[in-house]
Each structure stands twice: as structure tokens, then as C-alpha cells.
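> What follows is the residue order along each chain.
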Amino acid sequence: MTVRLLIIATLALMIGVWHLGSGGQSWSLIPQSTLDHYILEQIRAPRLMLALLNGVALGVAGSVLQLLLRNPLAEPGITGIAGGAAVATVITLYWGAVSPVVWWLPFIGMAGGLITLALLWLFAGSQPRGIRIILVGVALAAIAGALIAVVLNLAPNPFAFQEWALWLMGSVANRGWAYVWLMIPAVVLAVALLVSQRRYLQAQVFDEVTVRTLGFHEGRSKFLLLLAVALLVSASVVTAGIIGFIGLVAPHVVRLLGVNRPLPLVIFSGIVGGVLLVAVDALVKSMDTRVELQLGVVIALLGAPWLLVLLTKQESRDA
Amino acid sequence: MLKLDNIAHSERLKPLSFTAEAGQLIGVIGANGAGKSTLLKIMAGLLNDVSGAATWADQDMTRWSAIERRQYLAFIPQQTQFQEPATVADLLRTAQINLRAGAKELAQWRQLSIEQFELEPLLERAVTELSGGEQRRVTLACTHAMNRPLLIADEPTASLDLNYQLLTMDWLKTSSQQGKLVFVALHDLALAAQYCDQILLLHHGALLAHGTPNQVLTDANLATAYKVSVDWLCNPKGVAMLPRRL
Chain A
1 MTVRLLIIAT LALMIGVWHL GSGGQSWSLI PQSTLDHYIL EQIRAPRLML
51 ALLNGVALGV AGSVLQLLLR NPLAEPGITG IAGGAAVATV ITLYWGAVSP
101 VVWWLPFIGM AGGLITLALL WLFAGSQPRG IRIILVGVAL AAIAGALIAV
151 VLNLAPNPFA FQEWALWLMG SVANRGWAYV WLMIPAVVLA VALLVSQRRY
201 LQAQVFDEVT VRTLGFHEGR SKFLLLLAVA LLVSASVVTA GIIGFIGLVA
251 PHVVRLLGVN RPLPLVIFSG IVGGVLLVAV DALVKSMDTR VELQLGVVIA
301 LLGAPWLLVL LTKQESRDA
Chain V
320 MLKLDNIAHS ERLKPLSFTA EAGQLIGVIG ANGAGKSTLL KIMAGLLNDV
370 SGAATWADQD MTRWSAIERR QYLAFIPQQT QFQEPATVAD LLRTAQINLR
420 AGAKELAQWR QLSIEQFELE PLLERAVTEL SGGEQRRVTL ACTHAMNRPL
470 LIADEPTASL DLNYQLLTMD WLKTSSQQGK LVFVALHDLA LAAQYCDQIL
520 LLHHGALLAH GTPNQVLTDA NLATAYKVSV DWLCNPKGVA MLPRRL
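Each protein sequence line maps, in turn, to chains A and V.
Here our numbering is used: position 27 in the first sequence is 27, and no number is missing along the way.
Just add 319 to wherever you are in the second sequence, counting from 1, and you've got our numbering.
Simulated from the structure, these hints should not be mistaken for laboratory data.
Cβ coordinates follow ideal geometry from the N, Cα and C atoms, glycine included.
Fair warning: there could be bad hints in the mix.
[To be verified] Looking from chain V toward chain A, a few residues come up when the C-beta cut is under 10 angstroms (computed): (1) N367; (2) V369; (3) R382; (4) S384; (5) Q398; (6) D409; (7) C461; (8) G524; (9) L526; (10) L552; (11) C553.
Generate coordinates for the entire structure from the input sequences, incorporating the hints supplied.
Encoded structure:
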């Protein structure tokens, strides 16, 4: 898996509208001009890092949610957190009519995601069961979706509409190192939270009642894990928009590879998520379309049919 | 010693008091909805809206944190569902996850529970592939592997075949004889009569009778609690019952 990641990463650095080396006419990883250097260091490398971080974040968040909520359909979008971060961002864009590159905008988005987590916790009640978190999350996600639609509806001009709509579709193009540095602290904090609650994650092999009898501060453990998910998802939304499906598909792929124990499942979901997103982003870059397609759209276009294929395989295996 | 003083649940259990010395097997019986599970869950610290006092070895049980509670008691819920395809060996290790004990000791407890519930051939199987009865044995073995002084079991014999029902009751009896305090909710009154040192009979969320099986399993009590009359068939090998609806 690691080897595949390295190969894909190398390809991803090479691929693009501008082919590195020999004046952009053929493929090479060795930069041969200052322009090549610039493209590699300032455009391709941060784009690769951002795709990797987003994939890891969404894969990990998806697997933690599926374990915690005991639902194979759980994914970052189902908690409403991604929607909350996106709502906060588009509303700010609307009021300020600023471009999506202002430095403080991501922090507003992070705040939106965390506020959604607070609402989720408030409405789910103390010691919430998984299914209750899902139902509250679905409601919050619906509200967020409606609010986003309202803001788009009220867009002052077609250019703003297009800009915001494209941002929502998710992409890691033209972000630069600043976004990578923005994402790293959130990911580090989330990983620290996950490590601190690793025993609670391991205990999820038992049902909810049994887990309660195993001696955990249940509410606290659940909240800290959801906080980790919220940090990962919000950081992903503010740096790359809404990228769906990675969080849903990555854990299923890992399970189909035969990894089921909670901790390896989370770790490998992160790796698979990272590989997938880097690979799909490389594909996006290499596709010769008039306007570069948004990553989130391509992921959904490829991810959904792939999930169907995996499920068909699983059914024929179970039969 | 366990001491419950006016312990009650706002909706499901009226105030109830009793004390129990360690080294006993105490049966909790009653019709469906009488409050057996509620009482056991209160003792296991799983319910909110509980009033009254509970002490174990002169410590206030109601103030235990989840992790402290874990050091004293093990609980077997009425039902367990396994969704994750973890192996039996993994589950036994995970059951001990919050215990304060040495690795050697924990491994020894696991080995004893594997032997007790005859799980050796199932150790590397995914629990989701096992039958209902086998899964129940895994649950019981996980509790056994915790080796706590206070053991609370909610209908542990449900979904087990005759052999494993007796094996489970033998285990609970042996545990109590080794000095543990064991509470067990039972539907099978013959098993209760045969194994328990004391019986608590619950009726409509209140304690109807409390004492030895002979004191509790009277015609009058069973008529009130279960609306049945019972002919008892006893011989030196055990007890059987013939219930009739009243």
C-alpha cells in the first residue's frame, strides 16, 4: 500500500497541464528550468500534500464514525459537520462578498463545523446512542444544505454564484502551502484525540450496552471522538470544499481487504483515503477538459459506481 | 457485603432494601416486566434517575466512576449483539481492556474462561459467524475473564442448550463458593430453586419476597407473581416443576 502511494504520488507530481522537463513537452520528475522548479514547489507539491491530508482526514473520520455509530452508511457528511463548515463559509462569502482566499475565512469555516458538533451533542442528549446521533446529524445536514441553497439563491451576481458553487464541489487546486499549514494542526490535534481514546475505539467490537459496562467515561469518550471527527472534517471542508464519498468508501475498501480490527481499520482507512484522493486528483489534472473538473465531483462520479461494484462482489461472496 | 438502602428507579422500581454477604448466589425472579433487569442494571450503574443508597464493602457505589466500578463488578446483559467480525480471542482480550492487573494474570484468566466455556475450537473464528448459543458462551467467557468480585448476570442461560445452561449455573455457583457475590436473573424457577442460596421475587416493580428458595417459592407467592400454581418434583438429584395457569 505504501509503495503504491509513493508511485501514485510521484506520478501526481509529474502530471499536469504543464509537463515537467524539456519545456513542458514530455514527462519527467527532474526539474529542468526555473519554471519547472516553481511549478513543482509552489503548485504541484502543496496540491499533492493537500490531497493526501484531505484523503487521510476523510478516511479516518469515516472509519471512526462507522465504528462509533455502528452503521456502515455513516460518513462525515451524515453528522452535518461538513455542511456546518460549508454554511459558515458561504454565509461569510455572501456578507463580505470576499473571494475564497482571505486568510481568516477558513477559521470561520472551522468554527461553523465545531458549532455544528455542539448542536449535534446538544440535540442528541447525554450518553447518546449511535442511531440518535445519526438522526440528529441527518437533520442538521438537511438544514445546512437548505441554508447553502438559500445563500446560492441570493448570490449577487452569476460570477459569485459560480465561484461559490465550484468551491462547494471540492478541489485541492491552486491552494498553496498556506492551506497545508492550516490543515496540519487540526490533523495533529485530531490524531492526538484518537490516540487518547484508542481503547474506547477498540472496545467498539462489543455492542453499545456491553461497551458501557466495560468501564469507560462513555459520554466523554464519545464526545472526544466526535470532536476529532469534527476537526478532521472541518479542516477538510475549509481547505478543499466538500469532498464526499472518500469517508464512506475508504473503510469499506479496507474491510474488503480483510482488515476489521478497529485500530488497523482506522489507520488503513486513512492510508486508502489518502491514496484514493491523490490518485483521483492526478486523474483530474491529466484529463484534457476545457475547465479542470472539481475533485469532489469526480470522486462521487467514480466512487459511487465503485461502491456498487464492491457491494455486488461482497454479495456474491456471501451467497 | 452489598447493602442496598431504599434503592429505586423513578419509573420502574419502587424503593427496595436488602443486604447480601459475599459468597452467595442470589437469584432474581419475577414475571416479565417485574423489574428484574432494572434492579440488575441499577446495581451495575447503567441507569439514570436512580435514588437511594448502595454500598459495597463500605464504599458508596453510586459515586464510583465508570473505571472504578469496573474494578469491582462485571455485568452480563440480557442480550448481546455482535456486529463486528472480531475473533473470539480478540474479544476476550478486549473485555479486559480497563482492568488493573498484570499481563500474566490477565492471560491466566483468559485461559480459564476458554476452558470453562469450551471455546478452544472457536478462538480464531469471527464471532459474527457463530450461532446464537455460541455467541452467548463468548459473552459469558468475556465476563469470566474479568474475574471481578461482584458478578451480575441478566438471564445468562437464555438461548443456551441444556448442557450449557447447567454448565453456566455450575460456574456461577462455583464463583459464589469461591467468595464472589453473584446476582442472576432467571426465568427457570427449577434452576433457581436448585442453585440459589437466596431469591429476590419482584412483582410490579416491588420486592414481593426475599429469602431462601423454600421461603420464597411458596404457592401464595407464585400465584401472586406469576398467576400459576406449581407442583414441585424433588429428588436427591435435583428439582423439576409442573406449572399450571390459574
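> Indicate, hint by hint, whether the structure satisfies it.
A quick look at each hint next to the structure:
no., hint, verdict
1, N367, "8 angstroms, holds"
2, V369, "14 angstroms, violated"
3, R382, "14 angstroms, violated"
4, S384, "7 angstroms, holds"
5, Q398, "8 angstroms, holds"
6, D409, "7 angstroms, holds"
7, C461, "8 angstroms, holds"
8, G524, "21 angstroms, violated"
9, L526, "24 angstroms, violated"
10, L552, "37 angstroms, violated"
11, C553, "36 angstroms, violated"
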